[in-house]
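Undergrad: Construct the complete structure from the given sequences, taking the supplied hints into account.
Chain by chain, the residues run as shown.
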Amino acid sequence: MKKVLIGILIFIGVIILIIAVFAGIVAFVVSKNNSDRGEYAKVLAGPTADAPKALVVYQPSPSSTGKKIAEKLAAGLNDSGYEVTLSYPGTKLSADVSQYGIIAFGSSVFAGQPSKVLLNYVASVEDFAGKNLLLYSVGSAKEMPELDLVSAQVKGTESIDKYKFMASDKDYGDKAYELGKSLAGK
Amino acid sequence: MNSGKASLENKTRRNTPPAMAFLKIAAPQIKGRKTSLPALLTVNLLTGSRIFLSAGLLLCILSGAAGRALALLAVIYGTDIMDGMLARRWHAATRTGALFDLAADIWFVVLSCSALVIEGLMPFWFLLAAAFKFAEFAATSYFLSGSGSGQGQNHTISLPEVPRSPVFDTVGRLSGILFMAAPVPAILLNRVMPLAIASLLCTSLAVCICILSLVSSCRRLYLCAVLNRKEALEYS
Chain W
3 MKKVLIGILI FIGVIILIIA VFAGIVAFVV SKNNSDRGEY AKVLAGPTAD
53 APKALVVYQP SPSSTGKKIA EKLAAGLNDS GYEVTLSYPG TKLSADVSQY
103 GIIAFGSSVF AGQPSKVLLN YVASVEDFAG KNLLLYSVGS AKEMPELDLV
153 SAQVKGTESI DKYKFMASDK DYGDKAYELG KSLAGK
Chain H
215 MNSGKASLEN KTRRNTPPAM AFLKIAAPQI KGRKTSLPAL LTVNLLTGSR
265 IFLSAGLLLC ILSGAAGRAL ALLAVIYGTD IMDGMLARRW HAATRTGALF
315 DLAADIWFVV LSCSALVIEG LMPFWFLLAA AFKFAEFAAT SYFLSGSGSG
365 QGQNHTISLP EVPRSPVFDT VGRLSGILFM AAPVPAILLN RVMPLAIASL
415 LCTSLAVCIC ILSLVSSCRR LYLCAVLNRK EALEYS
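Quick mapping for you: the protein sequence lines, in order, are chains W and H. Counted the way our numbering counts, the first sequence spans residues 3 to 188. Counted the way our numbering counts, the second sequence spans residues 215 to 450.
If you're looking for bench data, these hints aren't it; they were derived computationally from the structure. Just so we're clear, the structure is a prediction, and the values are computed from it rather than from any experiment. Do not rely on the hints blindly, as some may be mistaken.
Using 20 Å as the maximum straight-line C-alpha spacing, the simulated SDA-like pairs for lysine to any residue come out as follows [stated by the list, open to error]:
1. Lys5(W) x Tyr449(H)
2. Lys5(W) x Leu300(H)
3. Lys144(W) x Ser413(H)
Among chain H residues calculated to face chain W with C-beta under 10 Å, some are [to be verified]:
4. Ile275
5. Ala352
6. Asn442
7. Glu445
8. Ala446
9. Glu448
Some residues of chain H that are not near chain W, with every Cβ distance over 12 Å (derived) [unchecked claim]:
10. Gly262
11. Ser277
12. Ala279
13. Tyr291
14. Arg303
15. Thr310
16. Leu335
17. Lys347
18. Ser418
19. Arg433
From the three backbone atoms N, C-alpha and C, an ideal C-beta is built for every residue, glycine too.
TA: Below you can see the structure in the form of structure tokens.
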């Protein structure tokens, strides 16, 4: 009987250990998604000096998907005649977005939660009135409650486009590019 | 794997009745033979390197670097083959080494499966199945390897008298190898095939591995139940 009990304890112990390792990995990924990555700005020059301006703010994730989507989206806008600035959200990014006609915010989603850094940044912007606003997320579920959380922080406009990229979708690059094109055509 | 050695396996087969013939005990301590420290260190460093390589693999899969992930997988499989081979050749096989090798393998499977699940390349239940198999393996190994350790001299069913060690069975070993190999097709299929076909093939592969794993678990648990009943009868 003692052996059976020890066997059961070993079984439970190993299961707990493996779950703890998995939880640790998930925690690592989520913490990366919620950490402030500091200052970053990449500018894609427009065709003319007075080209309209667009801003793409995205939270990079451990996966390269977030970066690729943001860059393809920016390329779509840039090819449509916009000067595009790519940035990470954070305390170092200016909350003054008055110079941009189009603004896109993107983040990876874990457990239905977008990046907290992105949420804080969106909340710090005082007025989005008159802006063409896009919120997008990258995740594995089709539903997008995380974008409702982000849109709840938006002040000054009700007109918000939302888009969900599926992490398992290999065509996300093309879709992001087309999304950028269609956003510029609005 | 750096486990069951030929002489011990033969001994296991000789002493084991047909019902338990599929079991192999990994307790490769060879008495009376001196092992050089550099050989022991080299073998265990090879095994230990797998722990760090697995962490690197996790980051590669999560960052979508398929090429680097496949290269790391090749190195990991290489170390797994090499450490066992060198341990046998240099007579550096120890019980602790076998346990360390097993732990490194389980660590690798858990990390790679977690990364595949997070990236959506494998279903979540695949990780749960791996966790169940390893937990069952540890528990039944404890139970089975202790059954012949001198507690009952008149056992109708008995295993050789060895310290508590991992007890392997052929189907379980095969499912373990497939759990270890799963990242390769999962990464390749998702790169080469259309999404729908890749998902279908990956899920089919996961189902096959889980069925094998379940068959092994059922056999082992049945054997534990038989042994437990025998012991209870002998005691009474």
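Undergrad: Hint by hint, say whether it matches the structure.
TA: Hint-by-hint comparison with the structure:
1. Lys5(W) x Tyr449(H): 14 Å, holds
2. Lys5(W) x Leu300(H): 35 Å, violated
3. Lys144(W) x Ser413(H): 16 Å, holds
4. Ile275: Cβ of Ile275(H) sits 9 Å from chain W, so the hint holds.
5. Ala352: 5 Å, holds
6. Asn442: Holds, because the Cβ-Cβ distance from Asn442(H) to chain W comes to roughly 6 Å (cut-off 10 Å).
7. Glu445: The hint holds - Glu445(H) has a Cβ within 10 Å of chain W, the shortest such distance being about 8 Å.
8. Ala446: The hint holds - Ala446(H) has a Cβ within 10 Å of chain W, the shortest such distance being about 8 Å.
9. Glu448: 13 Å, violated
10. Gly262: 17 Å, holds
11. Ser277: 5 Å, violated
12. Ala279: 7 Å, violated
13. Tyr291: 21 Å, holds
14. Arg303: Arg303(H) is indeed farther than 12 Å from all Cβ atoms of chain W, at 32 Å.
15. Thr310: 18 Å, holds
16. Leu335: With a cut-off of 12 Å, Leu335(H) comes too close to chain W, as the shortest Cβ separation is near 8 Å.
17. Lys347: 10 Å, violated
18. Ser418: 17 Å, holds
19. Arg433: 16 Å, holds
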